[in-house]
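A.B. asks: What follows is each chain in one-letter form.
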Amino acid sequence: MNVDVKLIDTKDIFTRLFNENRDAIFSGSSEYVNTIRNKALEEFVRAGLPERKNEKYKYTPVNEYFSKDLQHNFSPKKIEFEVAELFRCDIPELDTRVILVLNGYYFNPLQELTTLENGVVFGSLRAAANKFPELFAKHYSQYAVYANDGVTALNTAFAQDGVFLHVPKNTTCDKPFQIIHLLMSNEAQMVHHRNLFILEENSEAKVLICDHTLSSHEFLTNSVTEMYAGPNSNLDLTRVQNEHNRATQLTNTYSHQMQNSNVSSNYITLHGGRVRNNVYVNLAGEGAHNNSLGLYLVDDTQHVDNFTYVNHLVPNCTSNQLFKGILDENSTAAFSGKIHVWKDAQNTQAYQRNNNILLTDTAKMNTRPQLEIYADDVKCSHGATVGQLDNDALFYLRSRGIPYKESMHLLMYAFAHAVLSEIKLQPLRERVIELVDKRLRGELSHCNNCKMKCQ
Amino acid sequence: MLSIKNLKVSIEDKEILKGINLEIKPGEIHAIMGPNGSGKSTLAAALSGRDYASVTGGSITFLGNDLLEMSPEDRARAGLFLGFQYPVEIPGVSMVNFMRSAVNEKRKYQKLEPLSSSDFLKLMREKKEVVEIDSNLTNRSVNEGFSGGEKKKNEIFQMAMLEPKLAILDETDSGLDIDALRVVANGVNKLHSPENATIVITHYQRLLDYIVPDFVHVLYQGRIVKSGDKTLAYELEEKGYDWIKEEVIAG
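Residue numbers (my numbering), protein chains in the order written: chain A, 222 to 676; chain B, 5 to 255.
Source of the hints: derived by calculation from the structure; they are not laboratory data.
A few of these clues could be false.
[Stated by the list, open to error] Dumping the calculated EDC-like pairs for lysine to aspartate or glutamate here, alpha-carbon to alpha-carbon at most 20 Å:
1. B/K155 x B/D181
2. B/K112 x A/E627
3. A/K260 x A/E241
4. A/K396 x A/E421
5. B/K112 x B/D123
6. A/K390 x A/E425
7. A/K298 x A/E439
8. A/K396 x A/D316
9. A/K626 x B/E109
10. B/K132 x B/E167
11. B/K155 x A/D613
12. B/K155 x A/D290
13. A/K626 x B/E73
14. A/K626 x A/D521
15. A/K359 x A/E422
16. B/K169 x B/E32
17. B/K234 x B/D213
18. B/K115 x A/E627
19. A/K626 x B/D55
20. B/K234 x B/D55
21. A/K289 x A/D233
22. B/K230 x B/D246
23. B/K169 x B/D218
24. A/K626 x B/D78
Using the sequences plus the hints, can you model the full thing?
C.D. replies: Below you can see the structure in the form of structure tokens.
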């Protein structure tokens, strides 16, 4: 018997979509950005989206996600709503500069770009590209390499807006920036958006990114964040992902680090149907240090896949990766982490760890640590574990009168703590700890912070 | 307080305890001694409710309740305490949070309000002095990186915090040097009162120089084969366990 399988060619779909909506996609973007768009589409058509046979995407069928029939908008939808009324952030009382991004578009009807007294500029990426062509020529699409990468190529072709942040030389940002990516639509939708953070020499910034869904429709987000950390700069990124089970999220974060820079990024996946985080790090200046951490708490049929690529290009750099996961029910997760030490990158120190706890027999974890080392004087290590909660520890807690459920909770929380303790911003750390605590108790759902009551 | 009648316990289908009888009243200190493999730790496991120790016969009544029907946490809240032979390291769980949870769970069981933060910290300070435990230890994760002696002191500290009615100290003396042994024993003695009782499980008589028992029981091949007062412990120290074994064989 022949089964008629209808194969949807994503190359065709997106090429057609691009050509049919060319005017809308290009409108408002700078010439430079649009030139890159064309090249990225060509590369996308050549490379295509990764399929199962692609080793990098072995556990996450990205091509299938993009084959779905989803709507696209190439101009901000007119959604009249008071964000404050509809959306209460899970991280309140945190003194931050809040930046809203609605369905991929910077959302502030009054002001597209803000310049602070100390010269820090933040706001709409699209507006910034027009205003600062030199900065874009120097940084935009320089770190998010789309060659051979269909996912980033697609973003580079389609993304129109997102958040721009520029911190001038010798400047420390007074408050953290809190970027809230909101998804809200009355139909299933695909969103591409893009952030560019530039930290000049000896500057410092802390950024918190929150990803949320505000309506119950199916969403697919493909986002790219490019970060340039100039010499001696300090960048701290925390991303809290809290989307619903029908949402699919791909994040691609690229850090390019100059000498003695320090970048720390922390990916806390509280909720989401399917999540793939690609974390790319280039240690391009001597003495640079990178921390990449992740915590994923999955249940139901959720799927979270973290992929890291830490590139030691020059000598005397250090990197540290720690990803931890707790998997419940029928959830699945994957971790694939690579440390690449180039021939000249002597005296590298690079560490990687991935630890997982499976709470059920049906949860499934795939972990693949990889080292590729061409220098001979390096210290590198990697380790991965998949296991259960420690029964002896559980009994120890219970024998002191702490109930079974609470004891389980304490142990899960303790397991997660190593990642959370690395969040440098203290009020944020406390708040994230509280969120994780709630999540582990099953008290947090993506609906907590939304008044839509769509379920 | 505690009444054990004809208790039979198996581990992985092998019968370890073959009919234990023991009565313990408030104010008493009982020592349970015996050679390796006689079932001492299995008795502690059965009393505290470890699931691998399956009770196949007999009964245990604790303060009028059927202990075997109770979960480990209920046993603890009702006033039973096990001092572990091998205390578990739990990285990431702070001693303070652990003890706060434990103390407040017990208070909940007693229908009391949870302690305020300041009252709780005051209680911690008081009890730390009782057991001469280093302040730094209680600022760390539970038993993480503690030495053998520190772990055992920490057991006594927890006992002081929870004020159990019946404490079972399972080989608390193992791995202790003489100074740590004295500190641990002092702690136990200070906590002892006419209202509570203690079971000291030990292989050696040494600990009993410091904690003086009212009764000594010798466990051998899953049965209490001999009971007496503290002089029995000295006799064992002097003669070893062989004469007991011979007596049993002669039966």
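A.B. asks: Please go over all the hints and tell whether each is borne out by the structure.
C.D. replies: A quick look at each hint next to the structure:
1. B/K155 x B/D181: holds, 13 Å
2. B/K112 x A/E627: The given pair, whose Cα atoms are some 14 Å apart, holds under the 20 Å limit.
3. A/K260 x A/E241: holds, 17 Å
4. A/K396 x A/E421: The hint holds at about 17 Å.
5. B/K112 x B/D123: holds, 16 Å
6. A/K390 x A/E425: Holds, at about 9 Å.
7. A/K298 x A/E439: This hinted pair holds, its Cα atoms lying about 17 Å apart.
8. A/K396 x A/D316: The hint holds at about 7 Å.
9. A/K626 x B/E109: Given that 20 Å is the threshold and the Cα spacing comes to 13 Å, the pair holds.
10. B/K132 x B/E167: Judged against 20 Å, a Cα distance of about 13 Å means the pair holds.
11. B/K155 x A/D613: holds, 15 Å
12. B/K155 x A/D290: Given that 20 Å is the threshold and the Cα spacing comes to 60 Å, the pair is violated.
13. A/K626 x B/E73: holds, 19 Å
14. A/K626 x A/D521: Between A/K626 and A/D521 the Cα gap is close to 19 Å, so the pair holds against 20 Å.
15. A/K359 x A/E422: holds, 15 Å
16. B/K169 x B/E32: holds, 11 Å
17. B/K234 x B/D213: holds, 10 Å
18. B/K115 x A/E627: With Cα atoms ~19 Å apart, B/K115 and A/E627 stay inside 20 Å; holds.
19. A/K626 x B/D55: Judged against 20 Å, a Cα distance of about 16 Å means the pair holds.
20. B/K234 x B/D55: violated, 33 Å
21. A/K289 x A/D233: At roughly 13 Å apart (the allowed maximum being 20 Å), A/D233 and A/K289 satisfy the hint.
22. B/K230 x B/D246: holds, 13 Å
23. B/K169 x B/D218: Judged against 20 Å, a Cα distance of about 17 Å means the pair holds.
24. A/K626 x B/D78: Since the Cα atoms of A/K626 and B/D78 sit roughly 13 Å apart, the hinted pair holds (cutoff 20 Å).
Hints 12 and 20, counting from the list given before, are not met by this structure.
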